[in-house]
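Participant: In case you want the letters, here they are:
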Amino acid sequence: MGGWQESPALLPPGTYFMSGNEACAEGALAAGCRFYAGYPITPSSEIMVHMAQRLPELGGNFMQMEDELGSIAAVIGAAWGGLKAMTATSGPGISLMLENIGYAIMTETPCVIVDVQRAGPSTGQASRPAQGDIMQARWGTHGGVDLIALAPWSVQEMYELTIRAFNLAERFRVPVFLLADEIVGHLHETVTIPPAVRTFERLRWPQEMPFDTPEPDGVPPMPAFGEGAYLLVTGSTHDGRGYRRTTDAAVQDRLMRRLSAKIRRHQDEIDDWEEYSLEDAERVLVACGSAARSALWAVQQARRQGRPVGLLRLKSLWPFPDEVVASRCGGRREIIVPEMNLGQLAGEVRRAAGVPVTSLTQVDGEPIDPRRILAYLLEEVW
Amino acid sequence: MAASSTVPPASLLRQAYLRQSTAFCPGCGHGIFMNAFLRAAAALPLDFDRTVFVSGIGCGAWVPSPHFLADTLHVTHGRAMAFAAGVQRARPDLNIVVISGDGDLATIGGNHLIHAARRQTPIKVFCLNNWLFGMTGGQVSATTPREARTATTPAGNPDPPFDLVRLVLGAGAPFAARWPVSLPRQLARGIEHALREPGFAFVEVLSICPTHFGRINEPLFPAGEAPQSIPWRMLEWLRRQCIEREKAAALSPEERAGKILIGEWRGEECWP
Ligand code: SF4
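Line order of the protein sequences matches chains A and B. When we follow the working numbering, the leftmost residue of the first sequence carries the number 11, and every step to the right adds one. When we follow the working numbering, the leftmost residue of the second sequence carries the number 50, and every step to the right adds one.
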């Protein structure tokens, strides 16, 4: 029972015109999401509004909670009730959710968290785009653990990568971030809905241990409440059956390492990227999300002027696609990372590629200006 | 009710419903609550195969997890009500029971508690009120009595405590009750009543923490003629202080002063 399946896409196949936030909600529903809990926040609220209307039509559950701590808590509770579950928010909401995201990692609870990034810190600029939460998603919860994050750059990808986020969450029993931003959230574009989508259905009871596997990098199947499994779900250090072992060094060590290895050692299933004009490129831009839209325009213009430049667009950010970046960036004359923060992606690219990296940053709450990126490619001014 | 007298003794209840023995301090009130809860569960009966127990962090949260032979969700500090709300919506066919402490449910988690009461989510909530944070070494909580000493109020608590029953009734709870561990039979019956409620039900269980509250506040619990242990003196004190709300109505204001009202309340009494 469970595993990869073909599922109907719910919406009749065809071309639609919708916003990124709506496409995200529709992607979630197509992936099988039947529980949403959230709290209003710009610029993500349209996801919640859409879910409030659509979930009851599909026999699903919608809850508007008292805050973001409660939203992610309810999502995790519903996941143990057997449902695919998600929440959506923006940076301030992520800040509140982080403790329970760590709980989801520790209890191996699949769920999807959409972060429609806005300019921060603090309340910042609620309706302005940014990419300031890349490191927060990875390192925000305490303990130093692994999770998965994807970065859509279009309305079409708000649909497709939301489905992928659910599949990866269920496959690896881990919370998955969709790191969107205000631009792709509020943008209206055409979306092609296919007749069917590929979904991963949770591997269920019965099994010996809901919280360990014989292999050191395995993903245990996940029973639900009410199935007679007498589940002991706890955020404290636990053995394979869920018993707390809060002073056992060996149990803690094994658990920490497996929670990481189950993701890192399966990175070939997770890594996702696109390449543009890389073959003969001497200088390579690396970008993600809506910043990659600006980068692609600049690459196309520079190519027209005979400059050998290319773009590596990362669609998965965590675990960081080290090998993809290293193999595409090694030996180039210059690696350039344009982004809407103070150099978070650039630091990872530098680490992974092992070559000097030029960091182009824009943090004024405006979309990163493609003309500035072009000017850098032509005249090296920023 | 009649069923209560047919309930097997505590040792058999523990065999039927528990996975392992408890780790509470000697004399802790939470063990009395656990026995009373199992009595009520057996009397109803409450099907443990169809029940999810949700708890947060603290000594009270350890009553169901890892002890109860049922599905248990032991969550982050203060968030048990919100986790439980998600489980309840996903699985309305299951019984959802929250058992946690005053620090967890009413101090850090107060927001989730009042909103669950307002929504009247069909969850049964048992708040083990031991008047402070026990597991972390006896710090002041939102229910520590005024003037009481704790590790973080060495000169006495300057702040008044929450009245948890009035708090949840004010938030919209249709049913709330308060019972002390010093009256285990009434407590078991009260638990049974709460579990029978169709909607949201809240029970404040007045428990005792001899380790932290009892030792530091020993003068509050005077010894009788023969020397007695602190847990015994705390239970005696609770027994003296608690008065059933119906009986309290007949007392003069002077006689009622300082008493703790116990019993059951319906939301509609508060909101005519
Ligand atoms: S610290 Fe207090 S509440 Fe906790 S187990 Fe010991 S006596 Fe009970």
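It is worth saying that the hints were derived from the structure and are not from the lab. A hint or two may mislead.
To be verified - To give an idea of the interface, some chain B residues facing chain A are shown, with a C-beta separation under 8 angstroms as derived from the structure:
1) 92
2) 94
3) 98
4) 101
5) 115
6) 123
7) 125
8) 132
9) 134
10) 136
11) 139
12) 159
13) 160
14) 200
15) 315
16) 318
If you're wondering where the values come from, they're calculated on a predicted model, not measured in any experiment. Glycine residues also receive a C-beta, built at the ideal position from the N, C-alpha and C atoms.
Participant: Each hint should be assessed against the structure and marked as holding or not.
Facilitator: Tested hints:
no., hint, in the structure
1, 92, "22 angstroms, violated"
2, 94, "17 angstroms, violated"
3, 98, "6 angstroms, holds"
4, 101, "5 angstroms, holds"
5, 115, "5 angstroms, holds"
6, 123, "4 angstroms, holds"
7, 125, "5 angstroms, holds"
8, 132, "4 angstroms, holds"
9, 134, "5 angstroms, holds"
10, 136, "4 angstroms, holds"
11, 139, "3 angstroms, holds"
12, 159, "11 angstroms, violated"
13, 160, "6 angstroms, holds"
14, 200, "22 angstroms, violated"
15, 315, "24 angstroms, violated"
16, 318, "26 angstroms, violated"
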